[in-house]
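Build the complex: two chains, separate frames, hints provided.
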Amino acid sequence: MYKYDSYDQRIVDERVTQFKDQTERYLSGELSEEQFLPLRLQNGLYVQRYAPMLRVAVPYGLMSSIQLRKLAHIARTYDKGYAHISTRTNVQFNWPELPQVPDILAELASVQMHAIQTSGNCIRNTTTDQFAGVVPDELVDPRPYCEIIRQWSTFHPEFAFLPRKFKIAVNSHTKDDRAATLLHDIGIKIVHNEAGELGFQVYVGGGLGRTPIVATLVKEFLPEQDLLTYLDAVLRIYNLNGRRDNKYKARIKILVKALGVDAFAKLVEDEWQHLKNGPGTLTSEELARIKGHFTLANYETLNNDEAAFTQQLAENKAFSNWYNRNVNTHKVPGYAIVTLTLKKLGTPPGDITDKQLDVAADLADRYSFAEIRSTHEQNLVLADVKQSELFNLWQEAKQAGFATPNLGLLTDMICCPGGDFCALANAKSIPVAEALQERFDNLDYLHDLGEIDLNISGCMNACGHHHIGHIGILGVDKKGAEFYQISLGGHSGPDASIGKILGPSFARDEMTNVIEKILSVFVEQRVEGERFIDTYRRVGQTPFKERAYAKAN
Amino acid sequence: MQKLINHTCTLEDNWSFVESIESTVPAGNVIIPGSFWLENKESLSNREDIGIWLDSDAEPELFIQEIKSLPLVAINFPAFANGRGYSLARLVKERSEFKGELRAIGDVLIDQIYFMKRCGFDSFLLKDGLSAEKALEYLATFSDPYQLAFDQPTPLFRRKAD
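From first to last, the protein sequence lines are chains S and L.
Position one of the first sequence corresponds to residue 1 (my numbering), numbered consecutively onward.
Position one of the second sequence corresponds to residue 1001 (my numbering), numbered consecutively onward.
In short, the hints are calculated from the structure, not lab data.
A virtual CB, placed ideally from N, CA and C, is assigned to each residue, including glycine.
Wrong hints could be hidden among the right ones.
As the list claims (entries may be wrong) - No farther apart than 27 Å at their CA atoms in a straight line, the calculated lysine-lysine pairs in the DSSO-like style are these:
id, chain 1, residue 1, chain 2, residue 2
1, L, K1160, S, K276
2, S, K165, L, K1127
3, S, K80, S, K20
4, S, K3, S, K331
5, S, K276, L, K1093
6, S, K291, L, K1160
7, S, K266, S, K165
8, L, K1093, S, K266
9, L, K1068, S, K276
10, L, K1160, S, K3
11, L, K1003, L, K1134
12, L, K1093, S, K20
13, S, K247, L, K1127
14, S, K479, S, K500
15, L, K1041, L, K1068
16, S, K331, S, K355
Stated by the list, open to error - Which stretches of chain S does chain L cover? Using the computed rule of at least three CB atoms under 8 Å from a CB of chain L, they are:
id, stretch
17, 9–21
18, 237–250
Okay, chain L solo, but in the shape it has when bound (with noise of 0.2 Å):
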């Protein structure tokens, strides 16, 4: 079973993740695709249930004002060395007002949680088969990194000279 993690524990996954969706949307906490909101989203309004997943090819613009309300939002990671993710995780974070939980999914392997939760990333859905342990003990690689990033806003060269 896949593990999920926060920052410092495993969490139990109240979400479904659907891949597709056909004709309606199912009931229940539900990660939808990002494309199948962004038309729909007048009539889901009314749903507070709802999460989108975009992937990684997903154009920031499209969504980055209308995110605002949703309690959970997923990027997929299609591979670990796909890393445009990233950046879209910044966007979504520092661009946005986007308060809910921004989740990595996809090819989420233990080597990269480290920067995806520099880069703003709140949950991980580890990939079948990894460690939380092994997981939670490596988003602590470094103790101090140089640059500003979601989780550091003063890059190290400003919290030095305090």
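Pulled out of the complex, with its shape left as it was, chain S reads as follows (with noise of 0.2 Å):
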């Protein structure tokens, strides 16, 4: 992983020093509550609900062992002992004190960590398939890109009062998208043009929010060198044109819609003409310093006992149950990439103790090279599990509370942090994970339902990215009580699309027998193979609406 230089060191300990001397600026009043909003959230901290939350920037939701365990420690110390991972890779703090917020920057900083732009309208932590470097059909690691990209947005003098907040994401992939790359205002879609160069396919203007549209391509292929150079020519478009005065119309996908996307695309080309072959272009020599961050681990050559893993397998329904859904083939033989889900029963999505922050950090070190990676899915990843291992590892995972067999099922839900916190939010979203994942716990006729995208967001904001969940939830406010809006149909992957809206919003108690009987149209009409997703595109949404909606006898 990317390990800090003295330059880059010497970046985020001047933040902390400015950022200590701001805060004490606005506890002593010299600054103002508006004065200092901007500041506060270009440093990840909201004023929320009860207390201000800190969220914390994971580059690409990468992170190692020491890192989790200075996370576990400011959960202990300056937290109620817990943590959240968000949609967007980063870790979320909910309970810390303001005048202790620039000790805990300091602590991050000790161990090249941050809260830089993970709010506020800038450019925020760019994100990437969570089995980067190790999956197998990937054209090259993406990460490289991804911290280039950190680099030259991290306090980008001209882009740091942007219209609205800006999110980048990097996909290498080249038959899936586990990074929703094609719902972020930017993007990059890494390829070799037909010469067989390195570039990228730029995607613009997707998001979820409000207005949830899928990016279009305005880049056919962008050589390799040329990547910043872009980047500036469609931030500085966007800052010059971009609408200010509405922030619901504010994000780039309204421009592109507005101008329509061939003008948009003419534009950015014309101002990249100016920059283009200029100091911004990518050296060769910073390339290769870059990608030399993120060489392969060093594997061994492993003879794996087949005949004894199968039989470990077949002699233990639980064990294979989870081997089976929460392990991902690696592109290195022997060696396996495990997710550790944070998705129990009892525990909202993404919740993480500090206890199980330093088990977590443990088992990265024993078993997966120190390292670490948290999921836009709110799940933890080790990626470099010998297969040999993996019994023993699934054994203490499980102790840990990490171990609920049910990657990609209906359990697997998305969830923003809702009323329960959050001071924006409309309706909690929590305590309908929680009835669900207490409705539907039987984990075979989980395993029977298959893959199924559950996401929930507790208001327009879409934290918990509703839009692209096969089954998405929203929370909304009717005349002061808390509805959810179900919509069908949304999906993240190569093809994604957004979610459509079933019909009129339930109340809360009808939501478990909502989504059972939605499930029942789904187990019905299934054909031998379908997802949920496939059995939705062939069907259409009448059938489901009419048993959502129908009377009872």
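Structure, rendered in structure tokens:
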């Protein structure tokens, strides 16, 4: 993973000094609430329902065990003993005290972490495939490009006060898209051109929120070295032309729609002509330097005892359930990718205690080269586990509550903190998730249903990605009461789609029954091998709608 | 009183700000609205004591080729959170032959002037009540930034290699 040099370290250290001074000025009354707001936001600090919430950046979801232990320490010392993995692969603390935040940032800086630009109208954390670098069928490791973008976007002086927040994702997988790339302000797909040169397809104007839109291709092929000059051009066109009069129309997706993609692409292209081949062009030395931080781990040449492993699976149904669900194929023979799920009944999705963070760090040390990843589905990943050690790891993970074998299944939900914590929410989301986890806790039934993305957001801001859930749930406020709107057919893969609203919203106590009805339509209508999304796309919304709104006999 | 600073010290403000012009342009060093100047620049061409101010929604293509010989251009930040002026500043400094002073006016706060300096502003008219000493201190917030900008035309990755 990327290790800071003295330049990187100085930048985060200087940031800590700056924010300490800003916090002191605010607490002494020198800075007004309004003036402090964007400063604390750009340090990931929100004022929430009960306390400030601090969002720590986890660049493209990659952490060392040392960093994880630091997060455990922060959870224990400055918070109530837990943290939350966000859908931007960041880590959030719900209960820090404002005067202590500069100390927390100093603790983070000591392990090469920060909270820079994790909120505010600036360029946010760049995300990518949680299996980057280890998954088969990947063109190249996308993380060096994420790191290059991280450095370029950190305190970019021209783009610190954009019309609205700005999110970039990078995908390098030739078949899948685990990063919801097309639902980003800029989605970058790493490709080869016809001559076999490496470069990028650049998609612009995707996003969730109030106006969910799938991004459109604006650049068919951008050569590797031109990445940053082109991003500068896109951001400058957005900063100059994006709307600032209405925050709901301020994202770049609205600009792309308003101008039309061709006119937008031309503006960018014209601007880029001024920057192209200039000093912002990446050098081969810099590309090599950054890539050098993401070289392959010291994999051993393993001779797997396949017979023994098959027997282990056959003898233990629970182990094989877990293996089938939570373990993915690694590109190096003898190794496996393990997802530690944070979706256990009774725990809000994505929440993790200080003790669990410590255990995860230990597991990373012992099983996976001391590295761990956070995912936008709010789980953790050990990317380099020997197949021969899976059984031992499973037993330890089970002890720590990391081994619910539900990856990709209905109960592996994405859920925002909702009205329990968030000041923006219209409705609570965690109790809905809990009720669903409780109703659908029969593993055989879950496995029979197969892969379903169920995503819950407590408001239009869509932090729970409800638009791209196969089943999406959105909390709405109806004359002061909490109601929930259901949409079906959303999807975040390479064939991304936005869910379609089913109809009038439901009260919270109706939700589990309605979801059960929707699932029963799927079970009746599916043909062999179909996932929920496949059946939905084939039969359309009508049968689901009829069942969901049918009058009781 | 509002303090005016450049990158190193407090300055005396020799310019008067003219928000709008009813009929004639006042005498002396005046900063007049860019739109008025554009419409009347022929008749004003004999005056060397006129600077212009651009609001944050100014269209760069209208003035970028016209400002070459002006002694001063000011860009107004109607609210600190409106960051369009940063891009305008870079275009003024990097895409025109303007050689004069580029000044930030309006909601110019201490915490943003580091970014303003990087985008090419030479001077900053601080919002009323703000300390010039604190502002000067904040101009040096970060010693070695990653990206190129007007003040540092070479990105860190090219400088490191040297």
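Outcome of the hint check:
A C-alpha spacing of about 21 Å is found between K1160/L and K276/S, which places the hinted pair at or below 27 Å, so the restraint holds. At most 27 Å may separate the alpha-carbon atoms for a hinted pair to count; K165/S and K1127/L meet this at roughly 26 Å. Taken as a hint, the K80/S and K20/S pair is honoured in the structure, with Cα atoms around 23 Å apart against an allowance of 27 Å. With a CA separation close to 24 Å, the supplied pair K3/S and K331/S stays within the 27 Å bound.
Between the alpha carbons of K276/S and K1093/L the distance comes to roughly 18 Å, so the proposed pair stays at or under 27 Å and holds. About 16 Å separates the Cα atoms of K291/S and K1160/L, which keeps this hinted pair within 27 Å; it holds. The hinted pair formed by K266/S and K165/S meets the criterion: a straight-line CA distance of about 23 Å does not exceed 27 Å. In summary, the hint linking K1093/L to K266/S is supported, as the alpha carbons are separated by about 23 Å, within the 27 Å threshold.
For the hint linking K1068/L to K276/S, the alpha-carbon distance of about 25 Å falls within 27 Å, and the restraint holds. Pair hint K1160/L plus K3/S holds up; C-alpha atoms about 16 Å apart against a cutoff of 27 Å. Between K1003/L and K1134/L the CA atoms are separated by roughly 11 Å; this keeps the pair inside 27 Å, and the hint holds. The hinted pair formed by K1093/L and K20/S fails the criterion: a straight-line CA distance of about 33 Å is larger than 27 Å.
This hinted pair checks out: K247/S and K1127/L have alpha carbons roughly 25 Å apart, not beyond 27 Å. Restraint check: the Cα-Cα separation between K479/S and K500/S comes to about 24 Å, which is no more than 27 Å; the hinted pair holds. Proposed proximity of K1041/L and K1068/L is supported: the alpha carbons are some 12 Å apart, at most 27 Å. Taking the CA atoms of K331/S and K355/S, the gap is near 31 Å; set against the 27 Å cutoff, the hint is violated.
Coverage of the stretch 9–21 of chain S by chain L holds [criterion: at least 3 residues with CB-CB distance below 8 Å; count 5]. For a cut-off of 8 Å, the count of residues in the stretch 237–250 of chain S with a CB near a CB of chain L stands at 3, and the three-residue condition holds.
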